[in-house]
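Chains as they are written, first to last, in the numbering used here: chain A, 66 to 391; chain B, 66 to 391; chain C, 66 to 391; chain D, 66 to 391.
Just so you know, these hints were derived from the structure itself, not from any lab. For clarity, every value in this text was computed on a predicted model and none was experimentally measured. Cβ atoms here follow ideal geometry from the backbone N, Cα and C, with glycine treated the same way. A couple of the hints might just be wrong.
What the hints assert, rightly or not - Below, computed lysine to aspartate or glutamate pairings styled on EDC-like, alpha-carbon distance capped at 20 angstroms:
#1 C:K161 x C:E352
#2 C:K161 x D:D302
#3 B:K161 x A:E388
#4 B:K308 x A:E388
#5 D:K178 x A:E124
#6 C:K206 x A:D302
Unchecked claim - Per label pair, the in silico range of CB-to-CB distance:
#7 C:G250 x D:R110: 26 to 34 angstroms
#8 C:E216 x D:Q342: 27 to 35 angstroms
#9 D:K346 x C:I218: 51 to 59 angstroms
#10 C:K209 x A:G250: 28 to 36 angstroms
#11 D:E388 x C:E216: 23 to 31 angstroms
#12 A:S212 x C:G250: 22 to 30 angstroms
#13 D:T106 x A:S212: 49 to 57 angstroms
#14 C:E216 x A:E105: 25 to 33 angstroms
#15 D:E216 x C:K308: 28 to 36 angstroms
#16 D:P252 x B:K128: 31 to 39 angstroms
#17 D:T106 x B:K178: 36 to 44 angstroms
#18 B:K357 x A:A245: 49 to 57 angstroms
#19 C:E216 x D:Q214: 17 to 25 angstroms
4 protein chains.
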Amino acid sequence: MNSFGRIFRISLFGESHGPAVGITIDGCPAGLDISNADFETDLQRRRAGAAGTTPRTEEDIPKFASGVFQNKTTGAPLTILFENNNTRSSDYETLKETPRPGHADFVLHEKFKGFNDYRGGGHSSGRLTVALVAAGVLAKKLLKNISIQAELIEAGGNENIEAAIQAAIETQDSIGGIVACTASGLPIGLGEPFFDSVESSIAHLAFAIPAIKGIEFGSGFNAARMKGSEHNDAIIDARGTTKTNHAGGINGGITNGNDLYFRVAVKPTSSTPQQQQTWNKQTQSVEAFTVKGRHDLCIALRVPVVVEAMTAIALADLLRLHEGAV
Amino acid sequence: MNSFGRIFRISLFGESHGPAVGITIDGCPAGLDISNADFETDLQRRRAGAAGTTPRTEEDIPKFASGVFQNKTTGAPLTILFENNNTRSSDYETLKETPRPGHADFVLHEKFKGFNDYRGGGHSSGRLTVALVAAGVLAKKLLKNISIQAELIEAGGNENIEAAIQAAIETQDSIGGIVACTASGLPIGLGEPFFDSVESSIAHLAFAIPAIKGIEFGSGFNAARMKGSEHNDAIIDARGTTKTNHAGGINGGITNGNDLYFRVAVKPTSSTPQQQQTWNKQTQSVEAFTVKGRHDLCIALRVPVVVEAMTAIALADLLRLHEGAV
Amino acid sequence: MNSFGRIFRISLFGESHGPAVGITIDGCPAGLDISNADFETDLQRRRAGAAGTTPRTEEDIPKFASGVFQNKTTGAPLTILFENNNTRSSDYETLKETPRPGHADFVLHEKFKGFNDYRGGGHSSGRLTVALVAAGVLAKKLLKNISIQAELIEAGGNENIEAAIQAAIETQDSIGGIVACTASGLPIGLGEPFFDSVESSIAHLAFAIPAIKGIEFGSGFNAARMKGSEHNDAIIDARGTTKTNHAGGINGGITNGNDLYFRVAVKPTSSTPQQQQTWNKQTQSVEAFTVKGRHDLCIALRVPVVVEAMTAIALADLLRLHEGAV
Amino acid sequence: MNSFGRIFRISLFGESHGPAVGITIDGCPAGLDISNADFETDLQRRRAGAAGTTPRTEEDIPKFASGVFQNKTTGAPLTILFENNNTRSSDYETLKETPRPGHADFVLHEKFKGFNDYRGGGHSSGRLTVALVAAGVLAKKLLKNISIQAELIEAGGNENIEAAIQAAIETQDSIGGIVACTASGLPIGLGEPFFDSVESSIAHLAFAIPAIKGIEFGSGFNAARMKGSEHNDAIIDARGTTKTNHAGGINGGITNGNDLYFRVAVKPTSSTPQQQQTWNKQTQSVEAFTVKGRHDLCIALRVPVVVEAMTAIALADLLRLHEGAV
């Protein structure tokens with residue numbers, strides 16, 4: 066199912082080279098101001114165009130098919146469409162014979178018995194993250210006094226992002242990166258023990274972002290190497306402020322009022338310009354292969370705003386559950 | 066909500082020092098053989114008793130309140146109860162004034178307005194993982210020809226587990242660890258693009274396990290430092306076998322038929338024997354504090370079978386969704 | 066799935082002749098007073114014993130397996146168990162060969178491939194309504210200032226219930242009835258257009274009660290014979306009070322602040338003492354058949370409190386959704 | 066939430082006078098043939114134009130925004146849009162002051178704090194049933210060898226539909242009606258005990274249709290007046306064929322292989338041409354009132370195909386659950 070959330074609920078649809086991609090947001094309260102301008106900053110952060118990103122650029126103008134009236138949300142399901150205009154589907158004809166290594170071509174063909182729209186990755190394309198970013202804009206509106214900030218802190222193993230991109234362009238090989246995200250101003254008490262833990266909700270959505278292969282909260286994998294006396298965050302006042310924040314703002318799956326902090330690992334774009342090996346279905350043998358189409362050398366550059374959106378969506382749902390539960 | 070799953074669906078309940086902990090499994094097909102003996106191995110792996118684990122031991126005998134008739138599943142919701150017999154609630158009286166650092170005491174009290182059962186961590190206790198392990202036994206029965214194997218590969222930063230435990234006992238400080246999990250024999254096609262990705266499902270459940278603070282699939286965080294040409298797994302035959310497995314058996318959120326592989330980070334038990342600092346609600350000041358109660362020095366020792374259970378539960382639901390979707 | 070609700074969510078389990086029947090209530094806020102005495106009135110209303118009801122009587126003492134601490138709800142999932150003590154399973158041995166007409170014996174055997182617990186109707190038994198009534202008691206606690214009242218207004222086509230029961234006893238044939246339910250004090254705005262309409266929610270739960278075969282809101286089937294000018298309820302003040310209540314307190318699926326009113330049709334108990342015809346699987350022919358076991362002549366007598374419970378559960382969930390959505 | 070279904074899941078959106086109404090269908094298998102022509106018959110049956118229906122006619126051409134490639138379903142979420150072209154919003158300006166009696170104007174304004182799109186009923190409009198009918202077409206494709214047939218059997222209390230419509234036109238007052246629906250060819254075993262009963266699922270969706278106020282399965286309300294010996298359907302062969310069908314093809318919430326049969330009551334259109342009384346918010350008094358806009362005198366004429374669609378959607382989800390559960 067391509068839906069997520071219990072009260073603030075999103076349903077995602079669309080294919081990279083179909084007429085449009087879109088998202089329906091259900092459970093958005095009535096009366097929120099909404100205009101195209103609200104979306105510009107975040108959509109721009111996601112957009113391609115900079116060094117290291119794909120030359121396919123789309124205008125990305127949100128069209129509200131429902132749920133908006135006189136520039137305010139109506140309380141009814143809100144559907145946002147983004148038309149696909151800049152597609153070059155001919156680039157993808159060869160993929161039917163040669164599934165790209167590291168890509169979902171092979172599994173999508175098997176899972177959907179060859180009926181999937183293979184052009185540009187179809188429904189699995191990163192193109193759909195434009196709709197997720199739009200839903201994130203709505204979610205952020207619900208998170209009053211809460212700020213979420215994600216940034217790329219490392220690319221290709223290098224903390225100097227610009228140098229990393231330059232090196233990738235020179236070697237013509239794609240690279241990955243690490244995105245860190247902080248949410249400040251959260252109330253104490255979001256999340257539930259076990260299945261609705263904050264980590265479960267955020268990780269669920271983070272792994273819905275194409276190319277994410279790891280997530281760690283607070284000290285994360287480093288915590289596994291610490292002693293209890295080092296890792297525990299001493300509580301220093303009645304509001305629960307902690308001296309350190311090894312927990313990343315979460316205890317027992319529940320926000321503790323300190324900054325929520327996590328990192329995600331973004332793998333290198335599978336569509337590297339380098340020659341690779343893959344199975345050729347027609348010749349029934351392993352053959353050399355070079356990817357066509359227009360791709361990002363470092364997709365991680367465009368991921369932070371998507372991570373922010375997903376975090377906002379997860380928190381908006383948990384916040385409404387929490388308020389509904391009082 | 067303490068439920069997870071769409072077709073194979075579990076609902077968890079109980080408190081550490083209440084009458085019982087339990088789980089209801091809905092969507093379990095009729096006619097599966099079931100006996101107490103089926104649960105012994107996994108429950109034993111989770112049980113305390115070894116060096117580095119808590120001296121609180123429970124008999125852990127599953128009681129089937131529903132869904133089992135003549136030693137077979139009936140197809141109706143299956144409820145398993147584990148009674149709590151070995152409780153020492155008096156150990157927890159002081160926690161009302163001094164929330165343990167690194168523990169959920171503080172947030173639970175805030176979230177539930179002081180009405181939570183604070184004894185032994187209440188509903189948030191690791192005690193409830195006994196019910197998750199039991200559900201995992203059922204889930205594994207549905208995963209015919211699929212084997213899942215999780216093990217502790219590192220404790221306290223040391224790959225020699227025994228030495229790490231010995232050191233923790235000597236220094237009397239709790240330690241964490243890293244658990245690796247492999248699932249073999251999976252069909253191609255489990256999982257969906259975006260919100261029902263295999264990574265989303267497994268991460269959702271993995272972070273429901275107390276003390277887990279990170280998860281990475283395949284090369285995980287290392288992938289962020291690799292080049293595309295290194296990371297991509299070359300497909301070498303018509304069944305989709307790959308030469309390497311940096312993807313951990315998942316492309317685009319969907320199983321590719323190779324081994325599913327991931328690692329989770331387990332933080333050190335917050336209940337370390339070391340003296341710590343925390344806020345004392347009565348004196349309204351930060352004070353020195355030592356945890357009472359019976360706790361694990363290295364809870365990571367008992368986590369692998371829980372990780373296996375959660376993996377089995379996630380895969381059982383995805384498998385049934387996949388079969389239902391054909 | 067035997068679950069219902071989005072925020073106030075119930076999961077039902079158990080078989081008529083198994084160890085227990087029970088229910089888990091998730092999304093119940095912390096701090097509600099709770100004691101066995103709270104359940105007595107409603108459980109007593111459901112209990113058998115009066116003329117026209119089964120001689121199988123159970124003590125029906127609720128056992129709180131979780132979610133209650135110091136006589137208050139904790140905010141964690143609340144599980145209530147009712148043990149089955151008064152079972153006579155031998156009565157049901159013949160049912161394997163001769164499925165009772167009008168009963169679920171045949172379909173349950175087919176659906177669950179013969180693995181269902183056939184004793185006393187197994188998981189499909191009216192016995193499970195004891196747990197629904199208990200959940201209704203909790204739900205009513207959430208519906209402050211809202212009163213729900215259901216009563217049997219007709220039995221066997223007779224508005225004199227007592228006379229109808231007497232006639233049924235004399236003719237030794239089971240009868241049905243009609244239950245009317247009114248909820249007063251509801252806020253304006255519960256329910257949503259289309260799938261979460263108040264009628265959808267209540268009907269969903271009403272048809273979960275065994276033996277219910279029809280439901281109508283307000284004027285219901287009579288409305289189909291009225292003219293618009295007759296049926297429309299004139300609004301006569303700023304709070305939305307209407308002169309008549311043909312709508313049963315619901316417009317467009319949403320409560321309008323007037324009394325919610327609906328009726329349900331209860332079919333006659335299928336286990337009539339009269340001789341009937343059914344297929345005998347062993348002889349492979351239609352044969353005369355008389356039901357054994359202890360049954361109600363007029364199950365409708367025991368239905369009103371179950372209808373109240375279901376209404377309370379539906380409204381509690383809609384109320385919390387409504388509050389969460391503000 | 067405007068979603069329904071667990072495996073075959075629909076999400077509805079749009080307003081009567083917004084840019085479009087639409088529906089996303091998730092869980093539709095890949096490889097189904099699909100073309101505009103498939104929708105024509107059912108859309109035509111729902112369309113206005115005949116005597117007794119509104120003069121607002123729309124072309125109703127389905128636009129596939131996603132999930133269709135080369136005239137086949139892809140297995141990804143399938144979104145169908147219907148543009149709104151023939152709107153006359155000026156008709157609705159007065160409704161802000163004078164909520165129509167029998168209509169949702171008043172409650173929608175209260176629930177959504179005045180931010181709802183009030184034009185033409187907004188999101189609550191019968192206009193959205195065009196999208197439900199489209200989803201029904203897809204659902205019917207999944208129900209191989211199952212036929213569903215709904216028809217208007219009574220209008221304004223008259224079994225002669227044509228005469229009833231003629232009388233309504235002459236008296237210029239709206240009328241209701243009764244729709245009967247039969248589904249043949251169903252397998253034994255769809256539905257579950259209690260909350261996922263066939264009656265619960267179908268009633269849930271039936272009451273999502275605007276103007277439906279009652280539903281009864283099999284003998285329905287008449288069953289409440291029958292004796293058990295009359296009502297019980299004798300089983301007469303090994304496949305479960307019954308001599309009579311008072312149960313409407315459902316025992317214990319589960320299909321028994323005989324024809325599924327139910328009736329729904331459609332209230333008269335609230336927008337009658339007759340003068341009525343309602344509260345005027347501006348003058349703060351009850352005033353005479355006549356509805357503007359273009360409306361149906363007998364909306365029941367257009368309901369049967371919507372009932373069919375809803376039945377198909379409910380059964381498609383239950384069928385897939387049943388198959389997934391084996």
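Hints, verified against the model:
no., hint, result
1, C:K161 x C:E352, "holds, 14 angstroms"
2, C:K161 x D:D302, "holds, 15 angstroms"
3, B:K161 x A:E388, "violated, 25 angstroms"
4, B:K308 x A:E388, "violated, 50 angstroms"
5, D:K178 x A:E124, "violated, 34 angstroms"
6, C:K206 x A:D302, "violated, 36 angstroms"
7, C:G250 x D:R110: 26 to 34 angstroms, "violated, 42 angstroms"
8, C:E216 x D:Q342: 27 to 35 angstroms, "holds, 32 angstroms"
9, D:K346 x C:I218: 51 to 59 angstroms, "violated, 37 angstroms"
10, C:K209 x A:G250: 28 to 36 angstroms, "holds, 32 angstroms"
11, D:E388 x C:E216: 23 to 31 angstroms, "violated, 42 angstroms"
12, A:S212 x C:G250: 22 to 30 angstroms, "violated, 41 angstroms"
13, D:T106 x A:S212: 49 to 57 angstroms, "holds, 54 angstroms"
14, C:E216 x A:E105: 25 to 33 angstroms, "violated, 60 angstroms"
15, D:E216 x C:K308: 28 to 36 angstroms, "holds, 35 angstroms"
16, D:P252 x B:K128: 31 to 39 angstroms, "holds, 35 angstroms"
17, D:T106 x B:K178: 36 to 44 angstroms, "violated, 58 angstroms"
18, B:K357 x A:A245: 49 to 57 angstroms, "violated, 37 angstroms"
19, C:E216 x D:Q214: 17 to 25 angstroms, "violated, 37 angstroms"
Of the numbered hints stated above, those contradicted by the structure are hints 3, 4, 5, 6, 7, 9, 11, 12, 14, 17, 18, 19, listed in ascending order.
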